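When you get a sec, could you build the whole thing from the sequences and use the hints?
2 protein chains.
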Amino acid sequence: MMLQASASVIIALLMGILGVGFVLWQLRRVLSYDQGNETMRNIASAIQEGASAFLSREYRVLAIFVVIVATVITTFLQWQTALCFIVGACASAGAGYLGMYVAVRANVRTAAAASIGLHEGLRVAFGSGAIMGMSVVSFSLIGMTVLYLVFSGSPSQLTYITGFGFGASSIALFARVGGGIYTKAADVGADLVGKVEQGIPEDDPRNPAVIADNVGDNVGDVAGMGADLFESYSGSIIAAATLGAAIGQNTTAAFIGLPFLVAAVGIISSLFGIFMVIGEEADVAHSNIFTSHDLVIRSIRFLRKYVAVIDENATLEELLAALRRSVWGASVVILVLSLLAVLLSGVHFNYWLVILVGLIAGNGIAYATEYFTSYTEKPTLGIANATQTGAATTIIQGLAVGMMSTVLPVLMVAVAILLSIWLGYKAEGTMAAGLYAVALSGVGMLSTLGVTLATDAYGPVADNAGGIAEMSHLPKEVRLRTDALDSLGNTTAATGKGFAIGSAVLTALALLAAYVTAAKIDDLNILGPTMLPGILIGAMMPYLFSALTMMAVGKAAHEIVLEVRRQFREIPGLMEGTGQPDYKACVGISTESALREMIFPGALAVVVPLVVGHVLGKEALAGLLVGTMSSGFLLAVMMANAGGAWDNAKKWIETGQYGGKGSDAHKAAVVGDTVGDPFKDTSGPSLNILIKLMTIVSLVFATSFGSGWLNF
Amino acid sequence: MMLQASASVIIALLMGILGVGFVLWQLRRVLSYDQGNETMRNIASAIQEGASAFLSREYRVLAIFVVIVATVITTFLQWQTALCFIVGACASAGAGYLGMYVAVRANVRTAAAASIGLHEGLRVAFGSGAIMGMSVVSFSLIGMTVLYLVFSGSPSQLTYITGFGFGASSIALFARVGGGIYTKAADVGADLVGKVEQGIPEDDPRNPAVIADNVGDNVGDVAGMGADLFESYSGSIIAAATLGAAIGQNTTAAFIGLPFLVAAVGIISSLFGIFMVIGEEADVAHSNIFTSHDLVIRSIRFLRKYVAVIDENATLEELLAALRRSVWGASVVILVLSLLAVLLSGVHFNYWLVILVGLIAGNGIAYATEYFTSYTEKPTLGIANATQTGAATTIIQGLAVGMMSTVLPVLMVAVAILLSIWLGYKAEGTMAAGLYAVALSGVGMLSTLGVTLATDAYGPVADNAGGIAEMSHLPKEVRLRTDALDSLGNTTAATGKGFAIGSAVLTALALLAAYVTAAKIDDLNILGPTMLPGILIGAMMPYLFSALTMMAVGKAAHEIVLEVRRQFREIPGLMEGTGQPDYKACVGISTESALREMIFPGALAVVVPLVVGHVLGKEALAGLLVGTMSSGFLLAVMMANAGGAWDNAKKWIETGQYGGKGSDAHKAAVVGDTVGDPFKDTSGPSLNILIKLMTIVSLVFATSFGSGWLNF
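Sequence lines, in order, name chains V and F.
The opening position of the first sequence corresponds to residue 1 in my numbering, with each subsequent residue numbered one higher.
The opening position of the second sequence corresponds to residue 1001 in my numbering, with each subsequent residue numbered one higher.
Because the hints were derived from the structure by calculation, they are not lab data.
This structure is a prediction, so every number in the text was calculated from the model and none was measured.
Note that the Cβ used here is the ideal one computed from N, Cα and C, for glycine as well.
Keep in mind that a hint or two might mislead.
To be clear about the criterion: a stretch of chain V counts as covered by chain F if any three or more of its residues have a C-beta under 8 Å from a C-beta of chain F, and this derived list gives those stretches [said to hold, decoys possible]: (1) 382 to 391; (2) 421 to 428; (3) 431 to 445; (4) 619 to 632.
Straight-line alpha carbon distances no greater than 27 Å define the calculated DSS-like cross-link-like pairs of lysine-lysine that follow [stated by the list, open to error]: (5) Lys1667/F x Lys195/V; (6) Lys1555/F x Lys1584/F; (7) Lys651/V x Lys1584/F.
Okay, structure coming up:
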């Protein structure tokens, strides 16, 4: 039995629709929770206004960008690709909007639910994350499958759909780079004047930048992370389908369909994992979606007995274990279902192993990240220890830890690539199959994205909930609960970053292979005339990009500082709590400066591949992409992990170690944490976008590149 | 007319002997200077003892290492390569020994000469640097040419000589990595206890680590830099000759001979440049080497009128201009003479342009480095400005400047590679010629090494002279003069580092091409099965290596701190100046810990290429080398320039800006400088060695690698 490509695509479409159904049901559920007292609702609505101000401003700029690029694509390529580009951009923007919409409403509800209990708070916050996670995978899958079906029959069907990936990348650029600048500018700006100059605590409502800071958490970790992974998810499926079409065996249709099928069963697995955290038996039993699926309900019930034991006195480890089990549970389900998918597709059994390899690598990177950034482990404790001899040794130790932390992720990705290629090669006897296997491995890694992203996007909701609890002076035990939820979110955020960069590399590699196929490059000799210059320039790009984004944070934060100082100076009674700060002004400045500062680095990511491809030729462009991918991977992991480790070293000291808060060690740790902020939340994650965007631009314009001006 | 390869080699040998003649003459001249008063002589002899203690200890470890590796080479390859390996190690060690020998004797003479005047001090210190510079090029050239002649007639003649490069690399590993750890461990250790805990000034004779610190300057910047460039110089010539033999045209002999010929005329050019700084007309006229060369004397006299105007009131810019003119002068001479060499060799005119490209790229990188690290320019001033908002912004700004500073060097190297390949390709119509041209471009870049290294190795002598002036309480104007000389040395050290990394990349690339030829690799497809894993692992190596070396500095410095504290505690009257500190104990600890800490990173550099070559195959090894080269280049430039910029930002503040010494801005700048120390003096420069050593190991063992275990 062998499934046709279109059958797989239709299954994927149906699963996407199922995912949307879940999203709508969950949305109703989350929004039905209590919003707390009036103070809480006021603060929440300020954050909501700020978020919507940012989004509407960003989407206006985006709309212009999308129109321009769509025009360029229509002019130089074809309208179908431009259409896919627009659909991709809208799908990603839609998922991001929905995620943000619910996140800035779930925060206050989480704070209110935390008044009842820890588990209740977790369920609201995680439910919000689940909406983001499932929106990303569903919108992406529906968008791609519908376009696939619309253009079915056309020989360029898959070529057009690369435009969808480009559209997704464009949104990711704005959300991740612009959002990254926004969140850190607001954070640093609020801290510099509030904590340092005025001596008021974090999340104090008197601070005019406090709302911008809270909006920033959502902008960076919900919308930014979501768009980043939307791009990886779409890119890996597109690349796999494109490379599947190039294998050129009688099973081609099955190869094209398989990535869609794996994504489709991934949605089921993710839903399973999500229910392990949020689902009450009652919910499951009464949900009209599931009423007729007794088997599903029974198996969820059976498993939940062993997994969903989150009680009021749960420690951080227990909460973490609960989230982790949901990801594991989803992984077990996907392994069973993807075996089914492989068998149904009628392709070689090796491809199931390939999916397994991707899943293991993804989880392996996440755990390695956790090891290097958690304050229960040696690396971060080493940084904490170094704070005793001052800021300089703290920085040196943190950088060394960040550099050291690249070893395991690189080895895991390298081994995953190697094994995938080998398995694919052994299955069909061609390198084309090997490259297809790499892409499929990326699809496998991302197949449970619905639930992994949920664990990640839950973090800023918990963080915001803590802020709201603080600002509205809720009882201490509520704040303790939101703090526990927040700590958990910090850990999942760190592992999420590791996962995001790992998947970005696999996706970029798959897209690169698709580019080489599409550009019809025969000779990719690493010592070819233009290859090494290409690689070197490519390796330089992440450094340039990081330098620009770090400086951008500095500039934007400076503007916030000036505005906050102005308000403290000019608004009477602000410090005494009688005057009302102008939150909107700070939100506006963060928004404007973030969008302005991202233009140059963003333009570089789009323009450099085009220039290199035309001037130095398509081989040099392949070199450029390899250089950017390898150098960017290393730099991104280094920055993200150094940042995470500094953050947690500071948190460790704040638990009372080495003199606790206010000690010299703490001051040194704060320096480390401040350096780490743009590392882990702006420059590091932005490199994921750089890597993928440069590659997808090259793929979309692949046919337009020649042999370059030097004419060897 | 066409020169035979052996004729070119003989000319190179003769020029090498001429260089040795200069070294001996200059040695007599420098040593004939006055050594100052008894205090000065005592301090100097403590430094001399410390240096010789370090060298003899290092050379003992080295001897064991060399014997082991030579045995391995004899067992798995052939005895001839092992012999060349030993000769290469001895030649590099000899040049390093001579350079150190004179540097630790010129320091006190420079201090004494500075009592007479600025120019007098410069001449002594620069004379010492010139001995290092000319020893490196002469010893390298004599060693290679003698081996070439000894093995002439053997078809594996050039293969054997790769062993010479490996020997040079081994010394460079010990000198650069071990020396880099030594110098910063002593520096940081001395500062932490002396300046911070005891509150005594820099270079205070009561500090037990002060001699180790002064020894360290020589170990790092004389022996370390010398061995690094000895390796690049030898490697580029070996690679060019090897690739020249592979072009396979009727001009093969000329291609092999040309790099030797360029190096030969480079010695003349370097001597010319050196005389522009140190030569009195009387010296030139009476020197028995030159008496019969009226033309040389006249042209030097003519040029000196325009160049050697260094008066007592010379500013830093004027001193810098004097040194710069000497490098320029040498460049002009090499361009004329290398044109002659190209014409004599009978090869295409394009090869002269290739040499020109290399020279321009080398100087271009040096100037770009200067721009990013000098406190008269915007980038460093930006860091100085960031010190006002604290240590964190100082670090962020410095890292951003370091990252930004990679752009120009990368573009210059990329363009140099591209143009060289293109010129070579156009000349012969084959890519083999293109790769030969890249190697030749590296030879061109390094052809004036005799003088560029002189400007560099002069720095630590001036630095030491300042320390001696301080410790022996010389009059203030002497200290001002040595400070001026020292500042100049800091600038040339920064540009020297840029030059060293640029040449390391070109050399490594040339060696890589030679490896690919030697390993008989046909298919180097960048999407080949093992290539990308190789590239990723390769890109990770510099991060691992840097993490290890940074941590090594921390550990070694910690041991020094404990010893210095012990001495202050246990030696009666030490703080009052009546007790005698045990300098040797600190020198011993620095030596032992540096040599111990370098073992693991050093072993990695040798073992990883062998493991990857055998397990993943020779193609993956090529990928590994490309990954290490590109990622290492970026990281090295970033670290070196960030370190240099932080250092100079601190110096700028110490001139009285932003509150001057002791202000909060200064404290933040000190944090930056301390982070920068291991960046610019240990980890950054060590990457040059990593890049070249991994490549030369691969080249030497090229024939032993197969297709790996996975068997595609």
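Quick rundown of the hints versus the structure:
no.: 1; hint: 382 to 391; verdict: holds (count 4)
no.: 2; hint: 421 to 428; verdict: holds (count 3)
no.: 3; hint: 431 to 445; verdict: holds (count 3)
no.: 4; hint: 619 to 632; verdict: holds (count 6)
no.: 5; hint: Lys1667/F x Lys195/V; verdict: holds, 21 Å
no.: 6; hint: Lys1555/F x Lys1584/F; verdict: holds, 19 Å
no.: 7; hint: Lys651/V x Lys1584/F; verdict: violated, 42 Å
The structure shown violates just one earlier hint, number 7.
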